[in-house]
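The lines below spell out each chain.
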Amino acid sequence: MTRAPVPPRILAVGTSHPPRAYTQDDLVRLFRCEDPKVRQFFESSHIQRRHLVLPEPDADGVMPDEDGGALLAKHLRVSLEIGREAVERCLEANRRTAVEVDFFATTTSTGFLCPGLTAYLIEALGMRSSVHRADIVGMGCNAGMNGLLTVASFAAANPGRAALLLACEVCSAAYVFELTARAGVVNSLFGDGAAAVLVVADERLTAADGPAVLGFESHIVHAARDEMRFDFENGRFSFYLGWEIPYLIGEHIRTPVLRLLDRFGLKRRDISHWVVHSGGKKVVDAIKYNLGLTEHDVRHTRSVLRDFGNISSASILFSLEKLTRERIAGEGDYGVVIAMGPGVSIETGLLRW
Amino acid sequence: MSETTLRLDRVGPVATVTLDRPDRGNAISMTMVRELEQLCARLEDEAAETVLVIRGAGGTFCSGIDLLDFPPEAKPDIRGFSRWEKACRTIERLPMVTIAAIDGECAGGGLQLALTCDARVATEGASFQLHEVRDGFLPGMGTFRLAKFIGLGRARFMAMTGRRVTAGEAFELGIVDRVCPAAGLDAAVGATIAAFGEIHRDAVELTRRLFDESFEIPYEDFLGCFLAAQHRAIQSEAFKALVREAHERGVPRPRR
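Just so you know, the sequences run in chain order A and B. Anchor point for the first sequence: position 217 equals 217 in our numbering, and the numbering is continuous, going up by one each time. Anchor point for the second sequence: position 89 equals 89 in our numbering, and the numbering is continuous, going up by one each time.
Calculated directly from the structure, the hints in this document are not laboratory data. Keep in mind that the hints are not guaranteed to be accurate.
As the list claims (entries may be wrong) - Calculated lysine-lysine pairs in the DSS-like style (CA-CA distance at most 30 Å, straight line):
hint, chain 1, residue 1, chain 2, residue 2
1, A, K267, B, K240
2, A, K267, A, K322
3, B, K86, B, K75
4, A, K322, B, K86
5, B, K148, B, K86
6, B, K86, A, K267
Stated by the list, open to error - Pair by pair, the computed Cβ-Cβ distance ranges are:
hint, chain 1, residue 1, chain 2, residue 2, range
7, A, R269, B, I234, 24 to 30 Å
8, B, L67, A, P19, 43 to 49 Å
9, B, F215, A, R95, 45 to 51 Å
10, B, K148, A, E88, 34 to 40 Å
11, A, R299, B, F196, 33 to 39 Å
12, B, F215, A, D333, 49 to 55 Å
13, B, S214, A, P19, 29 to 35 Å
Here a beta-carbon is modelled for each residue, glycine too, at the ideal position from N, C-alpha and C.
Construct all of the structure, not just a fragment, from the sequences and the given hints.
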């Protein structure tokens, strides 16, 4: 008789963010934004504050310009601070140390590095030099799920070995912070943060240790590939977000979610917990009405958006941490994780406690 | 599935569920709550009908929760109320038109159940009452629902006095949408179903939900909810057909 494969479990989550938080009002004032349309984005974003790393205004109160090189340097510096802290908190929550990590994957879309972030953090954290690694760069907000699929696959294939995912996003280093009409939506939305999860498959683990990762379903909408993208202008990146994106995601969200549920013989009502990416108010509404979710179902999605903004690939892990801290998930409960981003891409995963 | 507290009749597009505990005034027991939830799940999954009619057996709609379900010696447990409210919510989320066909007593949890529906049809002899406050406990989430139908003042007076309201009065208040003679309930239900015309599941579910939320959400937030819901509705085959037909006829409005 063959034994059922042991599912990988998420044993711990750790998060970190830069110390300084800015309210939307702070930013409008700091950047001396007069454009009523841009101010409107800031006021109606459902974001109260975001953690960002911004330069100090000069003696005349003007925000200095940061060039591409300065932004890249900031990405590395801040990533090492918040990435390291998130990993340490995650490992500490499971009483493990960095030398016990066998596979280390990172996701980021806010700075291009070569060698990648893992090369810096393996040294800084004191991981073994034999650790396997993967740097997933440029996949955007959905990358948290692409990263989770990667570490969960490693864990499933290597029972007993520890896989660690770090989603590390320094959005304030991704592009120039400016409050023009085109950049307004984007600059009113994204925040900095890092989150790490530890995934291990071991038959001795139970629901009390953390939820099992049962499977994933992906869906890519080619028609909208150019609606969410980085542009390279005047030697720097800027991010473009088409107005129709939230609705497009709403329109397609049922395809991967129902496929995922069908595969496991489940209905939407069987799902007790929803972990949805805090992409922005509109996309959360779109998902809510297309999947029939309640405000309670998206409470963590909303609160992460309110307190941190959209932290790209780290958002779902921040929500997962909040859900974990509530301690309401009981043995046998199912959860669905949804992240969406450029592609246009919808990534889903099924958890069971 | 064998119901012991409910009876299900399925005829064409109409599923009728009858609360079937006539010897106990069709009182809501935990078994009934569980069965009601299972039945809703089944109707939703099978998606065979577009209308759900809820009625009571033996000349009574529903007398409220079944106090015999509470063991006399044990400490009363709140979880049953939570379960009951969950069942009410499930009915409110069904992608079907829901109609309460009310004869006789409609009290406490029974009124609550009627308020979860899209329409309430009652015989002249029907009566409506929230008796709980007078009995020393609370009228469930009736405190949440009733005021939305009849206004805060009337709802408070009705709940706090526990006054019994006749069908005619309930119509005036806005609790009931149609009153009929004692022998005319089936015909009145039929006429009510006909009044809904062609039923589009998504449009029914989304509209009910938006009305529900319109009391809870500020305008700006509600606007986002509406746009998300409307986007889903206009992606439907029904809306596309409507637009095609309008172009064919060269007329800006649908055929009515």
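Hint check:
1. A:K267 <-> B:K240: Holds - the C-alpha atoms of K240 (chain B) and K267 (chain A) are around 28 Å apart, at most 30 Å.
2. A:K267 <-> A:K322: holds, 24 Å
3. B:K86 <-> B:K75: Status holds; Cα separation ~22 Å.
4. A:K322 <-> B:K86: holds, 24 Å
5. B:K148 <-> B:K86: holds, 19 Å
6. B:K86 <-> A:K267: At roughly 17 Å apart (the allowed maximum being 30 Å), K267 (chain A) and K86 (chain B) satisfy the hint.
7. A:R269 <-> B:I234: 24 to 30 Å: Since the Cβ atoms of R269 (chain A) and I234 (chain B) sit about 26 Å apart, the hinted range of 24 to 30 Å holds.
8. B:L67 <-> A:P19: 43 to 49 Å: Taking Cβ atoms as reference, L67 (chain B) and P19 (chain A) lie about 57 Å apart, which means the hint is violated.
9. B:F215 <-> A:R95: 45 to 51 Å: Because 48 Å falls inside the window, the suggested range holds.
10. B:K148 <-> A:E88: 34 to 40 Å: violated, 51 Å
11. A:R299 <-> B:F196: 33 to 39 Å: holds, 34 Å
12. B:F215 <-> A:D333: 49 to 55 Å: violated, 30 Å
13. B:S214 <-> A:P19: 29 to 35 Å: At roughly 41 Å between Cβ atoms, P19 (chain A) and S214 (chain B) fall outside 29 to 35 Å, so the hint is violated.
The structure fails hints 8, 10, 12 and 13 (numbered hints given earlier, in ascending order).
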